[in-house]
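Novice: Residues per chain are reported as follows:
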Amino acid sequence: MSETTESIDFRTAIRAWLEANCPAEMRQPMSSTEDACWGGRQWKFASEAQKQWLERMGERGWTVPTWPKEYGGGGLSGAEAKVLAQEMASLGCRPALVSFGIWMLGPALLKFGTHEQKLEHLPKIARGEIRWCQGYSEPNAGSDLASLATRAEDRGDHFIVDGQKIWTSYADESDWIFCLVRTDTAKKHTGISFVLFDMATPGVSTRPIRLISGKSPFCETFFDKVRVEKHNLVGTLNAGWDVAKYLLTHERDMIGAMGEASTTPSLSRTAKATVGLDAQGQLADSQLRAQITEFELDEAAFRLTLQRVLEMAKARQAHPAMSSMLKYYGAELNKRRWELMASSGGSDALEWESDRSSHGIVARTWLRSKGNSIEGGTSEVQLNVIAKRILELPGA
Amino acid sequence: MSETTESIDFRTAIRAWLEANCPAEMRQPMSSTEDACWGGRQWKFASEAQKQWLERMGERGWTVPTWPKEYGGGGLSGAEAKVLAQEMASLGCRPALVSFGIWMLGPALLKFGTHEQKLEHLPKIARGEIRWCQGYSEPNAGSDLASLATRAEDRGDHFIVDGQKIWTSYADESDWIFCLVRTDTAKKHTGISFVLFDMATPGVSTRPIRLISGKSPFCETFFDKVRVEKHNLVGTLNAGWDVAKYLLTHERDMIGAMGEASTTPSLSRTAKATVGLDAQGQLADSQLRAQITEFELDEAAFRLTLQRVLEMAKARQAHPAMSSMLKYYGAELNKRRWELMASSGGSDALEWESDRSSHGIVARTWLRSKGNSIEGGTSEVQLNVIAKRILELPGA
Amino acid sequence: MSLILTEEQTMLRDSARDFLADKAPVTQLRQLRDTKDATGFSPALWQQFAEMGFSGVLVPEEFGGMGLGHVEAGVVMEQIGHQLSCSPFLASSISAVTALRHGGTEAQQQSWLPGLASAEAIATLAVDEKSKHQPAQIALRATPTPNGFTLNGAKTFVLDGHVADLLIVAARRAGEPGDSEGITLFLVDAKAPGVEIERTVMVDAHNAARMTFKDVQLGTDAVLGQVDAGWAPLSAALDAARAAAAAELLGLADEVFERTVNYLKERKQFGRVIGEFQGLQHRAAELYCELEITRSIVMHAQQELDARADGASRAVSMAKARAGRTATLAVQEAVQMHGGMGMTDEFEIGFFMKRARVLQELFGDANFHLDQLARQQGY
Amino acid sequence: MSLILTEEQTMLRDSARDFLADKAPVTQLRQLRDTKDATGFSPALWQQFAEMGFSGVLVPEEFGGMGLGHVEAGVVMEQIGHQLSCSPFLASSISAVTALRHGGTEAQQQSWLPGLASAEAIATLAVDEKSKHQPAQIALRATPTPNGFTLNGAKTFVLDGHVADLLIVAARRAGEPGDSEGITLFLVDAKAPGVEIERTVMVDAHNAARMTFKDVQLGTDAVLGQVDAGWAPLSAALDAARAAAAAELLGLADEVFERTVNYLKERKQFGRVIGEFQGLQHRAAELYCELEITRSIVMHAQQELDARADGASRAVSMAKARAGRTATLAVQEAVQMHGGMGMTDEFEIGFFMKRARVLQELFGDANFHLDQLARQQGY
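Protein chains in written order, with our numbering: chain E, 7 to 402; chain C, 7 to 402; chain Z, 29 to 407; chain R, 29 to 407.
No lab work stands behind these hints: they were computed from the structure. Bear in mind the structure is a predicted one, so any value in this text is a computation, not a measurement. Just so you know, not all the hints are guaranteed correct.
[Stated by the list, open to error] Pairs of lysine-lysine, DSBU-like flavour, derived with a Cα cap of 35 Å:
hint, chain 1, residue 1, chain 2, residue 2
1, C, Lys193, R, Lys293
2, C, Lys231, E, Lys278
3, E, Lys251, E, Lys320
4, C, Lys231, C, Lys117
5, E, Lys88, E, Lys75
6, R, Lys64, R, Lys219
7, R, Lys51, R, Lys219
8, C, Lys193, C, Lys394
9, E, Lys130, E, Lys88
10, C, Lys341, Z, Lys219
11, R, Lys296, E, Lys394
12, E, Lys194, Z, Lys296
13, E, Lys251, R, Lys242
14, R, Lys64, E, Lys221
15, E, Lys88, E, Lys50
16, E, Lys221, R, Lys242
17, E, Lys221, R, Lys158
18, Z, Lys242, C, Lys221
19, C, Lys124, C, Lys88
20, Z, Lys296, E, Lys394
21, E, Lys394, C, Lys88
22, R, Lys64, R, Lys242
23, C, Lys341, C, Lys194
24, C, Lys124, E, Lys394
25, Z, Lys242, E, Lys193
26, R, Lys219, E, Lys394
27, E, Lys124, E, Lys75
28, C, Lys50, Z, Lys64
29, Z, Lys242, C, Lys231
30, E, Lys251, E, Lys193
31, R, Lys296, Z, Lys293
32, C, Lys320, C, Lys236
33, E, Lys124, E, Lys236
34, E, Lys194, R, Lys64
35, E, Lys278, E, Lys124
36, Z, Lys64, Z, Lys242
37, Z, Lys293, R, Lys293
38, E, Lys75, E, Lys320
39, E, Lys251, Z, Lys64
40, R, Lys296, C, Lys394
Model the full assembly from the supplied sequences, consistent with the hints where possible.
Specialist: What follows is the structure, encoded as structure tokens:
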């Protein structure tokens, strides 16, 4: 489809603004996820350029281009936001801000929040002033949010929250939390509410979780008689499950894409280096050769499937639960990749701390990949969803 | 352990008898299962030697050496029977008789039958005069015997049986059937009885079942107002389930051993012939090479496990449900074997009727092997048994 | 390129589905098998393939065909997979047509393509000589004569060989078995002196034949493409046939999967519908994922064939390998989940298992194509 | 030979189990790791290994050992697997002792075996030079001198290398990397001039080291076995170590499986104990079968080692390959079934996954040994 004159003007204007305002340093590719800007009260900018870039984009609302202007967004249409994204990509501009506020809480507030809640929270997300974390999982409610036990007792104009969350990403670096709490102990799914509160409230404490792969962004978070004002309830009392489900779909899409890891080194190249080729030019380890080829086939077919499902979604032909397939297969594929990478790496890839091994990067990434099929809904839960919602198999 | 003088004498006597009485032809190895003698009214002896051998062994009761003499058995102790088996093996004597009567009904009658029932049926089994078939499965009760629907209505001194059985092996060549029937429709497991009747009774008809692999010994068997005298009830009324379970354990052990197929051609030899070796002496198809090696490893390990479980059973260290493991793994292994055999055989092994392909022997055996994980309790049922009885996992 | 069907392709799929479900369902295959039908397919059906335009799907309009591509051919193949319909479509309309289009002179195309499009003639590819597909190993000898060539050797697993009018024979004019150079394609009249054809009854009850060539005399005009450079048109024809076989495997797998899921919803055991058991649910869900992922690569391969005649080998090998494995899993799970019923000849599931096995072997099994993929990547 | 333990072996197992559970549980491994312990195991524990007779299990009684066999060594290794206990048992008491027994002169055995049995000395095998185990590829050079040999080269993945007194170094005296002939074993004092040892901290927090040999001077009495015929004692030592590693893998897999099954009985989700879900039940039951079948082949390999010093390679490769795969499956299922808890360092399951990975790689992974099996069968 050819662009209209109007849209061409829009594109030109955006490009000009980006060229004028995006610092050169922010047009370098990110060397790792460490280079991203997450914002918040505790944020230490990596450079003056990172700070400037966030301020300029935040001012225009282009950190969240499609949100309404009155809530700090850019007020752009979907098509306009796409142009912005294309132009940023073509100039190599980094995202000015990444955050759970943008990806998760924002969409939920836009759908379920009151006007006051939107006015209060969305602009601060857009400008990166407040960093949010998510309080869903609990030690005794992994895949099963319905059995969650963190209590919010009704005290008239406020709740008193007591309990414990786990897997709270970046809780120790965040300012506010969006959190599921139980407001009716007699019910299950229908006794849960969705509340917001400041992590600086007395009674909130966090403890980082060490994973089998080493340091992680995850925390345990404890609530001891935490006071939460009632105006911080999102959606209806006892209907927090609807808000949570809405958020989970977003999270699943986000994690599903993990199977696709274009930056990881090629398996066959790694194996060629360690195992070598035989006289016929084949990998000397024929078992490993067979496993790598199967993996590469499955990976290529999976990438095409990501593309196809996206196209189906656009054409309204995709079953909504196909995201469970992508999450399931992507996670299992990534685990296979790192099993094979570890195997190809041999004993060098078993080192844990040396500079030579980049502090055990292969071993740690291999171990970390095991979490892919657990976080954001286990593989078993995804298979349940496919069986029930797509195949329409009956029962439990 | 050294043998006593007495047992040496016994061994000598047995050997002398076998040498004198086993016809030379019956000391040739069997070229296929077709060479076995199943007995019964309709049996056509393959030779005079086969007939003689059955008569002589039957007279002594050595077709069923450990059964009591009064019921037509040999009256031997376990140790003596072992000596007989060893001497027969060392002279290469074929078994004089194979039958479901020997393997299945006999042991059940010895445990659950009345003195009259034993007197009536066991000697005819021992002499191969009556051939038995088994009526358990029904079209709507595959792995789930409890939902069986063949009715036996109480008419005072007899039952009237109506219904249908499936998978009745050799029903069309058998004289009598041992059969599960429902005698209480209000109950499930506890409303089933175990009865015996003549296949020549009016109202009994059979139809052979064609399998995906071609001809098979299986039949459908239909009962239309079949009269069964009450003295042909085995065990207590409504307690046929106990008898059935007792028999099933025997059947499972029998089928579990199918994974062990020493007469099948070697996979790697077949693949060498079709795929060839490369310059390094490796199978030119490295995927197939990997698959065959894995199979051969698993097969070797499984054979050792058969041996180990047997030894454990003797030492009373085996969990009784370990037979489910042997059944499950043996069946899956045999299916893998024939997938690989078909794959190694290539297009030649896809022929179905030619002499060149021995009438599609590879394709037919491959297809037939798919039934291994269904008959005698499906793989899923075996896994359920392991989960519940060995691992003691709870619930359904 | 988008990986979903266009509106036209969707219409083609629907009409192929309705047509084949009506005219060539599994019951037809059973009947052909049980009556030991001499032709091995319904000539009336084959005539209807022409009327529907299917047999000319890949033939340019100038030669009386529809001038469509491999995506469209695949759409038809998938529906054939659903019904296990017997016809020379794969051999004649896809593999032979592709060979003629890639290697044929104007005259050769003119003399054969219209007849193939109208289903008046049947052609097939004769490649394999041994039990496993290894096209570079071709040994059937083409010896130059003053007026052309003499062929000597044997072929096996030739689809529809006993009913074909035209055999496209891959022969070795130079080099040794193992070399891709030196292979030459020949157009051979199936009735030529010295050609002997034996129909082989296969496990799937579809047509295949063995043939021997004894001093078969050919003119120079029998050469398809360049002498000693037959590898390129042969590969093009094989790749087209492989992608088509992958599509049939996908359709077949879809069909057994659908039948199996329906069975899981109906069959009761231990007082419950067996589809309630989580063990079976998870296996069904895994199979669903395999099918969807295979669907993407199969369609991609067809698009690659349409986009670049010679460069599609990698995509095609991926599609054939993955479709073979997926269909094998699908039929295995189908028989197992159907229990004893799945083992009976009376039930149709067994037909799918048999056909899947033959298609898996045809033009290279998953092992062969995975090996090709590794070679292409230099390891 | 019977595949179940004798009464004596059962008693040995019970005492090893009680001893290790008491003195060297997973908490000890965690502490060694977290305190970055310089030795990497508890010297007190190692002294107790001697008191229990474990460190001398393979040493003949005449040299102060117990004179037992590989079945007994495996019994101890299995219990080590249950607790992930750190000690030089595998390196010193099994691999080095076997090398000395198979290649050593009376004098060499006399000077080393009593010390190894009493745990006063530690010895280890230095074989690998690259990232994957390929013993025939040894390139570390042994150059003859008037009085003996000079060593030049490097080794990696040497168990307990930084605490060993004696290094048994596989060097190439003749031939090219890839030849099994020309390899010679040398007894090298770890403190000899020119030997440099770097401890490498591994994912499993067990001991390993890299080492370089720079003009290391050795007398002729340093040769273990025959010059250029080191392959035989090297293979014997490696096979003993492989069977032992297989036993540790089996014990480790048993332990995580037991912990996982217990967890399935306790953990509730969706209002039910998760062990009720048939999907998990079937996976647990399958894993049970894998473990039982691996148990048979591991025991068989140990018996073969005891029965025939040189002919056990096939059984050992089978055991190491299958134990590696089974343990890999067991730890993967354990982490997955434990959910998020399994991913935390606080929980012990991760330690088993890490140790399994190292043992899988050690002395040849499953791929290596499957390849050996195929070669032995001539395909």
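Novice: Each hint needs a verdict: does it hold in this structure or not?
Specialist: Hints, one by one, checked against the model:
1. About 31 Å separates the Cα atoms of Lys193 of chain C and Lys293 of chain R, which keeps this hinted pair within 35 Å; it holds.
2. At most 35 Å may separate the alpha-carbon atoms for a hinted pair to count; Lys231 of chain C and Lys278 of chain E exceed this at roughly 74 Å.
3. For the given pair, Lys251 of chain E sits about 22 Å from Lys320 of chain E by alpha-carbon distance, which is consistent with the 35 Å threshold.
4. Between Lys231 of chain C and Lys117 of chain C the CA atoms are separated by roughly 29 Å; this keeps the pair inside 35 Å, and the hint holds.
5. A threshold of 35 Å between alpha carbons decides the hint, and for Lys88 of chain E with Lys75 of chain E the separation of about 17 Å falls inside it, so the pair holds.
6. With a C-alpha separation of about 23 Å, the suggested pair Lys64 of chain R and Lys219 of chain R falls inside the 35 Å cut-off, and the hint holds.
7. Between Lys51 of chain R and Lys219 of chain R, the direct Cα distance comes to roughly 31 Å. Compliance with the 35 Å bound is thereby established for this hinted pair.
8. For the given pair, Lys193 of chain C sits about 23 Å from Lys394 of chain C by alpha-carbon distance, which is consistent with the 35 Å threshold.
9. Our distance criterion of 35 Å between C-alpha atoms is met by Lys130 of chain E and Lys88 of chain E, whose separation comes to about 23 Å.
10. With a C-alpha separation of about 43 Å, the suggested pairing of Lys341 of chain C with Lys219 of chain Z is violated against the 35 Å cut-off.
11. Restraint check for Lys296 of chain R and Lys394 of chain E: satisfied, since their Cα atoms lie roughly 21 Å apart, inside the 35 Å limit.
12. This hinted pair checks out: Lys194 of chain E and Lys296 of chain Z have alpha carbons roughly 31 Å apart, not beyond 35 Å.
13. For the suggested pair Lys251 of chain E and Lys242 of chain R, the alpha carbons sit about 65 Å apart, so the restraint of at most 35 Å is broken.
14. This hinted pair checks out: Lys64 of chain R and Lys221 of chain E have alpha carbons roughly 17 Å apart, not beyond 35 Å.
15. Using a Cα cut-off of 35 Å, the hinted pair Lys88 of chain E and Lys50 of chain E holds, with the two alpha carbons roughly 30 Å apart.
16. At roughly 39 Å between alpha-carbon atoms, Lys221 of chain E and Lys242 of chain R are farther apart than 35 Å, so this suggested pair is violated.
17. Simply put, Lys221 of chain E and Lys158 of chain R have alpha-carbon atoms about 29 Å apart, close enough for the 35 Å limit, and the pair holds.
18. Our distance criterion of 35 Å between C-alpha atoms is broken by Lys242 of chain Z and Lys221 of chain C, whose separation comes to about 39 Å.
19. As the CA atoms of Lys124 of chain C and Lys88 of chain C are separated by approximately 24 Å, the hinted pair is consistent with the 35 Å bound.
20. Between Lys296 of chain Z and Lys394 of chain E, the direct Cα distance comes to roughly 18 Å. Compliance with the 35 Å bound is thereby established for this hinted pair.
21. About 56 Å separates the Cα atoms of Lys394 of chain E and Lys88 of chain C, which puts this hinted pair outside 35 Å; it is violated.
22. A hinted pair counts as satisfied when its Cα atoms are at most 35 Å apart, and Lys64 of chain R with Lys242 of chain R qualifies at roughly 29 Å.
23. For the proposed pair Lys341 of chain C and Lys194 of chain C, the alpha carbon gap of about 34 Å is at most 35 Å, so the pair holds.
24. For the given pair, Lys124 of chain C sits about 54 Å from Lys394 of chain E by alpha-carbon distance, which is inconsistent with the 35 Å threshold.
25. Restraint check for Lys242 of chain Z and Lys193 of chain E: the C-alpha separation of about 84 Å exceeds 35 Å, so the hint is violated.
26. Between Lys219 of chain R and Lys394 of chain E, the direct Cα distance comes to roughly 67 Å. Violation of the 35 Å bound is thereby established for this hinted pair.
27. For the hint pairing Lys124 of chain E with Lys75 of chain E, the CA-to-CA distance comes to about 11 Å; that is within 35 Å, so the pair holds.
28. In summary, the hint linking Lys50 of chain C to Lys64 of chain Z is supported, as the alpha carbons are separated by about 32 Å, within the 35 Å threshold.
29. Taken as a hint, the Lys242 of chain Z and Lys231 of chain C pair is broken in the structure, with Cα atoms around 67 Å apart against an allowance of 35 Å.
30. The straight-line distance between the Cα atoms of Lys251 of chain E and Lys193 of chain E is roughly 17 Å, inside the 35 Å bound, and the hint therefore holds.
31. Between Lys296 of chain R and Lys293 of chain Z the alpha-carbon distance is near 28 Å, which keeps this suggested pair within the 35 Å criterion.
32. The suggested pairing of Lys320 of chain C with Lys236 of chain C is violated, with an alpha-carbon distance near 39 Å, which exceeds 35 Å.
33. With a CA separation close to 15 Å, the supplied pair Lys124 of chain E and Lys236 of chain E stays within the 35 Å bound.
34. The straight-line distance between the Cα atoms of Lys194 of chain E and Lys64 of chain R is roughly 47 Å, outside the 35 Å bound, and the hint therefore fails.
35. Of the pairs offered as hints, the one joining Lys278 of chain E and Lys124 of chain E is violated, with about 55 Å between alpha carbons and a cut-off of 35 Å exceeded.
36. Proposed proximity of Lys64 of chain Z and Lys242 of chain Z is supported: the alpha carbons are some 29 Å apart, at most 35 Å.
37. At roughly 29 Å between alpha-carbon atoms, Lys293 of chain Z and Lys293 of chain R fall within 35 Å of each other, so this suggested pair holds.
38. Restraint check for Lys75 of chain E and Lys320 of chain E: satisfied, since their Cα atoms lie roughly 27 Å apart, inside the 35 Å limit.
39. The hinted pair formed by Lys251 of chain E and Lys64 of chain Z fails the criterion: a straight-line CA distance of about 59 Å is larger than 35 Å.
40. A threshold of 35 Å between alpha carbons decides the hint, and for Lys296 of chain R with Lys394 of chain C the separation of about 18 Å falls inside it, so the pair holds.
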